[in-house]
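Participant: Top to bottom, those sequences are chains Y and Z.
Convert by adding 587 to the 1-based position in the first sequence; the result is the number in the numbering used here.
Convert by adding 695 to the 1-based position in the second sequence; the result is the number in the numbering used here.
Among the hints, erroneous ones may be present.
Each computed DSS-like pair below joins lysine-lysine, with the alpha-carbon atoms no more than 30 Å apart [claimed, not checked]: (1) Y:K686 with Z:K757; (2) Z:K766 with Y:K686; (3) Z:K706 with Y:K696; (4) Z:K706 with Y:K686; (5) Y:K592 with Y:K655; (6) Z:K757 with Y:K592; (7) Z:K773 with Y:K686.
Since the hints were made in silico from the structure, they are not lab data.
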Amino acid sequence: DQQVKQNSPSLSVQEGRISILNCDYTNSMFDYFLWYKKYPAEGPTFLISISSIKDKNEDGRFTVFLNKSAKHLSLHIVPSQPGDSAVYFCAASNSGTYKYIFGTGTRLKVLA
Amino acid sequence: EAEVAQSPRYKITEKSQAVAFWCDPISGHATLYWYRQILGQGPELLVQFQDESVVDDSQLPKDRFSAERLKGVDSTLKIQPAELGDSAMYLCASSPGEETQYFGPGTRLLVL
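Could you build all of it, start to finish, from the sequences and the hints given here?
Facilitator: Take a look at the structure:
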């Protein structure tokens with residue numbers, strides 16, 4: 588049973604436009620969420636997080652939105668740059684357990 | 696900037712052989728994780744340490760996998776004997792006890 592789902596395995600976006608990556612979860616106990624970016628042959632790099640007490644968190648070009656009622660979160664990248672091309676993972680946890688369930692990832696390709 | 700160190704970066708072995716991976720977390724990080732990532736999937740937790748104690752090893756195949764963190768600092772993950780299905784990226788992550796985990800570059804294992 589996949590508790591964290593990223594239903595789009597890949598996404599292509601033109602440079603300068605907005606990239607929207609989606610993530611759905613099923614466990615209502617999850618209350619802390621992370622997004623990671625992963626380049627080939629490297630470990631995941633932390634991007635941005637959000638707690639369930641918020642519905643939005645912004646850091647530069649990256650914004651994460653959380654819709655608790657829909658059990659859905661999304662990562663917006665504006666404007667998208669070719670260097671953003673990577674695999675993006677969302678991860679969810681019940682805060683305090685420090686144990687995360689990861690989605691299967693979305694491969695983003697930003698076209699120059 | 697402090698990083699999680701892992702070695703080796705790549706390992707090729709024959710099935711039924713023993714392999715071992717090493718991880719040195721960021722200094723001061725009490726929590727250490729080992730994940731396995733199969734191509735096309737997200738990282739899956741194998742074992743979680745808090746200092747030298749195992750917090751969660753429910754997904755660790757204990758008939759062939761073992762992990763230790765004897766002094767609560769660096770850690771070793773061992774597979775004996777290796778099987779073809781063990782081919783994957785093995786990721787180590789650490790955390791200072793907050794929600795964010797920081798990953799190392801990973802060890803890519805190929806079992807022939």
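Participant: Indicate, hint by hint, whether the structure satisfies it.
Facilitator: Going through the hints against the structure:
1. Y:K686 with Z:K757: holds (19 Å)
2. Z:K766 with Y:K686: holds (22 Å)
3. Z:K706 with Y:K696: Satisfied, since the Cα-Cα distance of roughly 29 Å is no more than 30 Å.
4. Z:K706 with Y:K686: Holds: Z:K706 and Y:K686 sit about 27 Å apart, inside 30 Å.
5. Y:K592 with Y:K655: Holds. Y:K592 to Y:K655 sits at ~15 Å (cutoff 30 Å).
6. Z:K757 with Y:K592: Given that 30 Å is the threshold and the Cα spacing comes to 27 Å, the pair holds.
7. Z:K773 with Y:K686: Measuring from Cα to Cα gives roughly 21 Å; hence the hint holds.
In summary, this structure violates none of the numbered hints.
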